[in-house]
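Now that you have both chains on their own, put them together as the hints suggest.
In the order they appear, the protein sequences are chains D and Y. Sequential numbering of the first sequence, starting at 129, is according to this note's numbering. Sequential numbering of the second sequence, starting at -17, is according to this note's numbering.
Because the hints were derived from the structure by calculation, they are not lab data. Watch out, some of these pointers could steer you wrong.
Distance ranges between label pairs, derived from CB positions [said to hold, decoys possible]:
| hint | chain 1 | residue 1 | chain 2 | residue 2 | range |
| --- | --- | --- | --- | --- | --- |
| 1 | D | E361 | Y | F6 | 33 to 39 angstroms |
| 2 | D | I243 | Y | K175 | 44 to 50 angstroms |
| 3 | Y | F6 | D | N314 | 41 to 47 angstroms |
Which bits of chain D does chain Y cover? Going by a derived footprint, with three or more residues having C-beta under 8 angstroms, they are [said to hold, decoys possible]:
| hint | segment |
| --- | --- |
| 4 | 144 to 154 |
| 5 | 269 to 281 |
| 6 | 284 to 297 |
| 7 | 379 to 391 |
| 8 | 408 to 415 |
| 9 | 418 to 430 |
Glycine included, every Cβ here is placed at the ideal spot set by N, Cα and C.
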Amino acid sequence: MGSARYIVQRLIYGLILMIGVVVLNFFLIHAAPGDAAEVIAGEMGGITEEMMAQIRARYGLDQPIIVQLWTYLSQILTGDLGMSYHFNRPVTELILQRLGPTILLALSAQIFAMIIGTVLGVLASRKPNGPLSGFVAVFSTVGYAAPVFWTGLMLVILFAVVIPIFPVEGMVSARFRGTGWAYAMNVLWHLVLPAATLGILFLAQYARLSRASMIEVLGADYIRTARAKGLGEGRVTFHHALRNAVLPILTVAGIQFGNLISGALLVETVFNWPGMGRLAFDSVLRRDYPTLLGVLFFASAVVVIANLLTDLSYRYADPRIRTGGR
Amino acid sequence: MTTQAISPLREAWMQFLRNKPAVFGLVLLSAIILTILYGRFIFSGDPYQIVWAPLSPPGERGYLFGTDFLGRDILTGILKGGAPTLAVGVSAAVLTVVIGIVMGALAGYFGGWMDDLLMRITEFFQVLPALLFAMVLVTLFSPSLYTISFAIGIVSWPPTARLTRAEFLRIRELEYVTAARSIGAGNARIIFKVILPNALPPLIVSAALTVGVAILFEAGLSFLGLGDPNTVSWGLMIGQNRNFLLEAWWPVAIPGLAIFVTVFAVSLVGDGLNDAFNPKLRSR
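Next comes chain Y alone, as it looks inside the complex (with noise of 0.2 angstroms):
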């Protein structure tokens, strides 16, 4: 990255740290990120080994969050469960991201019949229902971490595509992306180096943006019987737990409030990159 792309981020950064909630979400995050990496060294259980009488109450014995409907710890589960969620969430929101750039970029840059083309696939892929194609993406090729984030990524991107090919028809008009033509970059050059790092801005929130809605996805799936049935995951648990709700309301609640918490603070980061990037909007 050259020096001139350095001053903006900066002059962002500064502006997103002035922005009290989008900084509580930031601190929020990493304190679930550390608990899901670290948690499990220092607080080493099995999330399947069954510790204790089936739906007893939070606190109950020492287990801060009771058990489940088998009497297993859910807090383990919690503290196990969540490195899956984030994984999926995390890994579909790149491949989410990756090819709406791609679908994006060749459509705004090229124009003509390979934006006719693309934007007709793009049409295309939003009439499909994404949680129900991901759902037989998923059934087909059986769940694993590896299909769920695939299904998902192959669902979310068309938004994605949309927004970077808008910025591209922009930007490809801009008197720069012409003196770069002019001195005789190619196609590649600058469609990555020229006009890329200037879609950047509205492209990172969106990304951020789709990281809580992928890890609503996974949930989402997990809830339906659709996760990987080797790992504990917290969609999975309340889907687990859901026909014994009225007998206990924490085996569900729990679980629920923990993705609660982390798409949270994931838009609230999101929010706040949008604000510092868009400093018009501020007043709003």
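One chain only, chain D, in its complex shape (with noise of 0.2 angstroms):
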């Protein structure tokens, strides 16, 4: 198979997915007790006859369901997510300003853990029972069972009370009005903590896969026939062992894309990150569905596109991909 023909294929199935989703937004708004224009205006209280006459218009609530799922999709294909009646701005407009810092938080966390995790994880195989070892079955243990809120707080006090260096709330100083390489600095400053909170709950995951996966990769002929070519040990766990174990590493590195997300809501809400999960964590307590189902929908599209990148790389770190099938 092809390569254009491979991606053409994926990114008709991402297409079919996101689709999916806007099914399901309209069936949630459908399936919630009340009237769905009440649902799509939210509780907002002080509501008129008159703008929920217009809901019923603009969504044609009273055409048959059929009728009005293909007008909901049809709208959403055209990037019109509807009004937020919080913020009274287009709902895709609204996400689209928060879009960039989510990414940003979340790939930021994501590379973090991965380098510094694959480390450990290859330090460690090197003695299967050594000290490291210990720590990376403990470590991988805490940072699981530590709900990721919590590592936020407890690193805002200790970064805000006992050794203040990096800032704990926000993406960039409250009167910064720098421009270009400042700004970029300033950001990547408020990012530390943040990304590093996130980062924890995957570090320990990342580390113990490739411990476990280079502890594999060693024990197999062609490291044998390394060593006994002569060549160094640096060079035969960096080049030969951990080029064929990184492939376990680079699958999970995709499934753990929705986690990924989802930790980066509740980080968000904790450093005051102008993302997307601030903006659902808004929502929700304003009871803005249009945001909320847009957040979700523009969330699960971010899912589809790392789904779709992790694809492509996976054929081309493992060639055995793109030549045969399966």
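Here it is as structure tokens:
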């Protein structure tokens, strides 16, 4: 199967998944208790009859359900996710502003966790019963058990009160007016704690996984051959073994992306990071359903795209997939 | 259960008892459950009652864990807040495992179009960010212990389904399944009486870990203000006190510690079960 054809196939599949999300959103609105127009309007209070009539007309709520689904679907596919009644602005515009910060946070955390986790795991794999292996085992259980929002709050105490070197709130300093390089550095400064909080959650998993995968690979015949050729331990570990041990890590990275977005939601709430999670939290408090469902739509799209990219990088990393079938 | 099925289980149990962290986890978890179940009889207080000045530090005036932002006793909150957290955790895990096993068993056993269809549905659910989807469900259907358990179950079954499917795909090719079919056993009998008991060990491990995930989930939702409004829970305590974090750390730190210790105990037990059922992995 050619690469181009494969990519097109994955794209179409991704599009079908997104239509699925839209259909799900539609049925959620209709399954929720109460009139669909009330659900869309949210429990704002003070909604006039006129506004309700507007919503009914806009979403065609007097039409048969299948027509309504079609109207909803075609509206969303043209990028119209409705109006946020709290912010009084189009949902799409609101979310597009918040998309960047969320992706920045999620990707930084992912890269941080993958690099540190893999290095820890590889070093631990050299001595499967050594102290570093023990540390990885304990750390992965501890990292799994601590609620991510709580870890974040504990870091806030540590860095706001005990050693105040990192900012604990927002994405840029309140009265910061710089641009370009200075702006980027300011954002980076604010990114450290949220990204570390989110990264810690996944770091341990990558360490555990890469350790197990390396131990398996290091026992293979071609590693013995490489050693017999007289190659140094560093070259064997990082050049020969890691290349083969990296596939399971990539797979998990892809699967984790949904969890990463879920974690980002909590972390954004803790650190007041102006992303989609923070927006979702605010919409929950205000019962702003169009915004909440819009965030669900966009967050799912991010996961679909991340999965697509993982698929492609997987094909790149494993030549066997490129040439053969499964 | 037949006598043949008991001996590997007993063997696994013996293996479990030799694993020190796992036994420690089991003792810790039992202690937590007993405290939550019986603590309220020994220590009968109202978690909503204002007892002393707000945000007074642990130990002051005999309040072991101090008071929260309204002046309510944190120890009482911890004792009363554990029950809903654990109840939601366990019932959501049961729902997760039931949905996961049904979907995975049907997909793995029947294969063909059924497998394709169910796996596409599973992939679809894996695309939705779990916590966000649960937030939407709970917001739309208004928060209660039932809707929260339901929402957590609905969003977390895909990994269990994949695991069950893999086990069924492996086991359905084995000779004793062919043997059962040749003596005329029907599909339902083969699925539930022949394959499922043999697929159980990895599923038990995954169920144990699912309880931990579900507890964290409930804590996250409560922290975001989406818990049952009629009960105290550990996550809710953190969410309510976080605005006063810089003045007082204990109303946030202590409930979080309770969640952490509980999930830690659950995962030690889960890891212990994993090692007990997979002797091959023990050397790792």
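Status of the hints after comparison with the structure:
1. D/E361 with Y/F6: 33 to 39 angstroms: The hint (33 to 39 angstroms, Cβ to Cβ) holds, given that D/E361 and Y/F6 are roughly 36 angstroms apart.
2. D/I243 with Y/K175: 44 to 50 angstroms: About 48 angstroms separates the Cβ atoms of D/I243 and Y/K175, which means 44 to 50 angstroms holds.
3. Y/F6 with D/N314: 41 to 47 angstroms: holds (46 angstroms)
4. 144 to 154: holds (count 4)
5. 269 to 281: Holds, because 10 residues of the segment 269 to 281 of chain D bring their Cβ atoms closer than 8 angstroms to Cβ atoms of chain Y.
6. 284 to 297: holds (count 4)
7. 379 to 391: The restraint on the segment 379 to 391 of chain D holds, since 6 of its residues have a Cβ under 8 angstroms from chain Y and three suffice.
8. 408 to 415: With 5 residues close enough to chain Y, the hint holds.
9. 418 to 430: holds (count 6)
Against the hints set out earlier in the document, no violation occurs for any number.
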